[in-house]
Amino acid sequence: MCQVCGCAITSPGEPVVLEILQDLLAANDRTAAHNRAHFDEHGVLVINLMSSPGAGKTALLEATIVALRHRYRMAVIEGDLETDNDAVRIRAQGVPAIQITTGTACHLDANLVHQALHELPLGGIDVLFIENVGNLVCPAGFDLGQHRNVTLLSVTEGDDKPAKYPVIFRASDLVILTKTDLLDVMDDFDPGRAAAALRQLGADTPMIHTAARRTPFMGSWVAWLDQQVARHRAPRYLPMATLAARVGA
Amino acid sequence: MQFAVHELSVCQALLIQVEELARQQAAAAVVRITIDCGPLSGVEPTLLKDAFAIMRLGGIAASAELVVASAGVSIECLECGGRNETRPNRLACAACGGFRTRLIAGDELRLRSVEMRALDPRPVWVA
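Here the protein sequences come in this chain order: A and B.
Residue numbering for the first sequence follows this note's numbering, starting at 6 and increasing by one per position.
Residue numbering for the second sequence follows this note's numbering, starting at -12 and increasing by one per position.
The set of hints was computed from the structure by calculation and includes no laboratory data.
As the structure is a prediction and not an experimental result, all values here were calculated from the model.
C-beta: ideal position from N, C-alpha, C; glycine also.
Careful: at least some of the hints might be erroneous.
What the hints assert, rightly or not - To list a few chain B residues with every Cβ distance to chain A over 10 Å, as calculated:
{"hint": "1", "residue": "29"}
{"hint": "2", "residue": "79"}
{"hint": "3", "residue": "83"}
{"hint": "4", "residue": "90"}
Claimed, not checked - Taking beta-carbon pairs under 8 Å as the criterion, some of the chain A residues facing chain B (in silico):
{"hint": "5", "residue": "25"}
{"hint": "6", "residue": "209"}
{"hint": "7", "residue": "212"}
{"hint": "8", "residue": "213"}
Said to hold, decoys possible - If you want a taste of the chain A side facing chain B, the calculated C-beta under 10 Å gives, among others:
{"hint": "9", "residue": "43"}
{"hint": "10", "residue": "110"}
{"hint": "11", "residue": "169"}
{"hint": "12", "residue": "176"}
{"hint": "13", "residue": "179"}
Kindly produce the complete structure, drawing on both the sequences and the hints.
Right, here's the structure in full:
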């Protein structure tokens, strides 16, 4: 401020403070919204799968494809630091898979997904799974344009994971306890404790059990997916302002 | 560009925003950047500051200070209406034990303000 008359003109060299209040990841969020618009245009339900490395994301996807291949047209975007091993596994199931190798990056962001989505025939897909980089920290902060977040917790990890990684579990619409066929031998993992830690995060996030290997047990995962697809396909009642903008009024 | 440790990605997004603001204001230098970074934002202030110390170099914020403010975590219970401050992994209501709560503060990751020094606008008179 000018020291002589108090006007708003700053004197040379005097620091000016600008109040901004803008989200730091606003640029990523804009790209994510753009991705979501692409998905919505084609009626694709997009599910972001997150977990620590080795929790069984790819195995769950393989079993899901086997269980649902006659019901939905599916596709997968795979995120890994290196190799296209996971995409090869998915393609072996007869489903299109795009591998994103992030190099040193610990998470997928909206830009990487945007590049991948244009390689997919979106018009011929009902459900797109994005298998995020195995990591319980970084992926949580980056919106990709997905409709649902699903976090896997394998019973070979600690049952206090939701308390240790509240950001990612709080952002989840569903938590899947994987490898539950090992519960008999993993006697230090208590599903009740995991559920209690999850509920402490202030949401009624459902937790379901699966075991994708040997005799696949999908629990209520398939029913949950059916429900999300049905909800996604249901006609949406848009606010008048949105409708007006759409018809160009 | 992408980095391991997502604080580097966040720091880069921050610097892009700040440099754009400095360009709009035709600033000579950025003095101080203040951000709000809640415990549930998923960003670790120490790592962000480390990233900033390196990534600011060579740009308009090269000598800028980064202030990371956190208001802590607070919730409002949707069952009993109670409000309380709490920890990031205790988001259920402390009063009634209800699990349906709304986060009032704690997940923000926001550029709050940028302090910058203007270019000297005085004309230079040559005798």
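Comparing the hints with the structure gives:
1. The beta carbon of residue 29 (chain B) is not kept farther than 10 Å from every beta carbon of chain A, the shortest such distance being approximately 4 Å.
2. The beta carbon of residue 79 (chain B) is not kept farther than 10 Å from every beta carbon of chain A, the shortest such distance being approximately 5 Å.
3. Interface exclusion of residue 83 (chain B) from chain A stands, the closest Cβ pair being 13 Å apart, more than 10 Å.
4. At the 10 Å boundary, the C-beta of residue 90 (chain B) falls inside the reach of chain A, the nearest C-beta of that chain being 7 Å off.
5. Taken as an interface hint, residue 25 (chain A) checks out: its beta carbon lies about 5 Å from the nearest beta carbon of chain B, inside 8 Å.
6. Restraint check, residue 209 (chain A) versus chain B: the minimum CB separation of about 6 Å is within 8 Å; hint holds.
7. For residue 212 (chain A), the interface hint is violated, since its Cβ never comes within 8 Å of a Cβ in chain B; the closest pair sits about 13 Å apart.
8. With a cut of 8 Å, the hint placing residue 213 (chain A) at the interface with chain B is violated, because the nearest CB-to-CB distance is about 17 Å.
9. Hint status for residue 43 (chain A) relative to chain B: violated, with the closest Cβ pair at about 21 Å, above 10 Å.
10. Given the 10 Å rule on beta carbons, the hint for residue 110 (chain A) holds: about 4 Å separates it from the nearest Cβ of chain B.
11. Nearest Cβ of chain B to the Cβ of residue 169 (chain A): about 8 Å, under the 10 Å cut. The hint holds.
12. For residue 176 (chain A), the interface hint holds, the least distance from its beta-carbon to any beta-carbon of chain B being 9 Å, beneath 10 Å.
13. Interface hint status for residue 179 (chain A): violated, as the beta-carbon distance to the closest one in chain B is roughly 16 Å, over 10 Å.
The structure fails to meet hints 1, 2, 4, 7, 8, 9 and 13 from the earlier list, while all remaining hints are met.
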